[in-house]
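Residue numbers (our numbering), protein chains in the order written: chain A, 1 to 113; chain B, 1 to 112.
Hints were generated in silico from the structure; no laboratory data involved. A couple of the hints might just be wrong.
Pulled from the structure, derived: some chain A residues nowhere near chain B, Cβ distances all over 10 Å [to be verified]: (1) Q14; (2) G16; (3) T65; (4) H72; (5) S85.
Which bits of chain A does chain B cover? Going by a derived footprint, with three or more residues having C-beta under 8 Å, they are [said to hold, decoys possible]: (6) 40-54; (7) 102-109.
Cβ coordinates follow ideal geometry from the N, Cα and C atoms, glycine included.
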Amino acid sequence: GENVEQHPSTLSVQEGDSAVIKCTYSDSASNYFPWYKQELGKRPQLIIDIRSNVGEKKDQRIAVTLNKTAKHFSLHITETQPEDSAVYFCAASKGTNAGKSTFGDGTTLTVKP
Amino acid sequence: NAGVTQTPKFQVLKTGQSMTLQCAQDMNHEYMSWYRQDPGMGLRLIHYSVGAGITDQGEVPNGYNVSRSTTEDFPLRLLSAAPSQTSVYFCASRQGGRETQYFGPGTRLLVL
Chain A
1 GENVEQHPST
11 LSVQEGDSAV
21 IKCTYSDSAS
31 NYFPWYKQEL
41 GKRPQLIIDI
51 RSNVGEKKDQ
61 RIAVTLNKTA
71 KHFSLHITET
81 QPEDSAVYFC
91 AASKGTNAGK
101 STFGDGTTLT
111 VKP
Chain B
1 NAGVTQTPKF
11 QVLKTGQSMT
21 LQCAQDMNHE
31 YMSWYRQDPG
41 MGLRLIHYSV
51 GAGITDQGEV
61 PNGYNVSRST
71 TEDFPLRLLS
81 AAPSQTSVYF
91 CASRQGGRET
101 QYFGPGTRLL
111 VL
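Bound conformation, chain A alone (with noise of 0.2 Å):
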């Protein structure tokens, strides 16, 4: 089956930096990445996704890449603000059965004022 890493597990950076967190898949048929913020105690909310017939994907001061070749999508985060601060998760899936998805273990990210 899939089998997704996500690194780093922590994260900390200065309000106005900017955070990359990284994900790399096993299973080259998977098509679908999408990524998660959860706030504590929250329920996970999608953020950003993107399909494999897409090299980048932006949305405002976030953005994702994907490299097939080497298996791995990375999230982007530019003049981050401490609302930024929660858990982050990455995911892969064929996308027909994106409820299917395997996920990461999370990167916390702390963005200090």
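Position chain B relative to chain A; hints supplied.
Same frame as chain A, but now just chain B:
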């Protein structure tokens, strides 16, 4: 739309007890899934359903049963609770042909 709802929010069980975690969605989504989230880990798939009457096992199905008699509801049954089932349980749904999953608020389960 209420989206995806889960009940109860919190539950304490004794080892060996059984219970059902409820999940409902009002978005007419075909696909529904149950995940568990343990501290320091991502979500792991327990069971999923691609439509009423159709269910399948995920990554960690042992000790759990599901059924899908209607499009709206997807209950998760713990047959004989064990301390290892202490976790936060999330239900999710998505529309057929679309990849975006919508998560419920979660049920926090403590098994003593």
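Hint check results:
1. Q14: Consistent with the label, A:Q14 stays out of reach of chain B, its closest Cβ about 25 Å off (over 10 Å).
2. G16: A:G16 is indeed farther than 10 Å from all Cβ atoms of chain B, at 28 Å.
3. T65: Non-interface label stands for A:T65: nearest chain B Cβ at 18 Å, farther than 10 Å.
4. H72: A:H72 is indeed farther than 10 Å from all Cβ atoms of chain B, at 16 Å.
5. S85: Holds, since 17 Å exceeds 10 Å.
6. 40-54: That given contact holds, which follows from 7 residues of the region 40-54 of chain A lying within Cβ reach (below 8 Å) of chain B.
7. 102-109: holds (count 5)
Against the hints set out earlier in the document, no violation occurs for any number.
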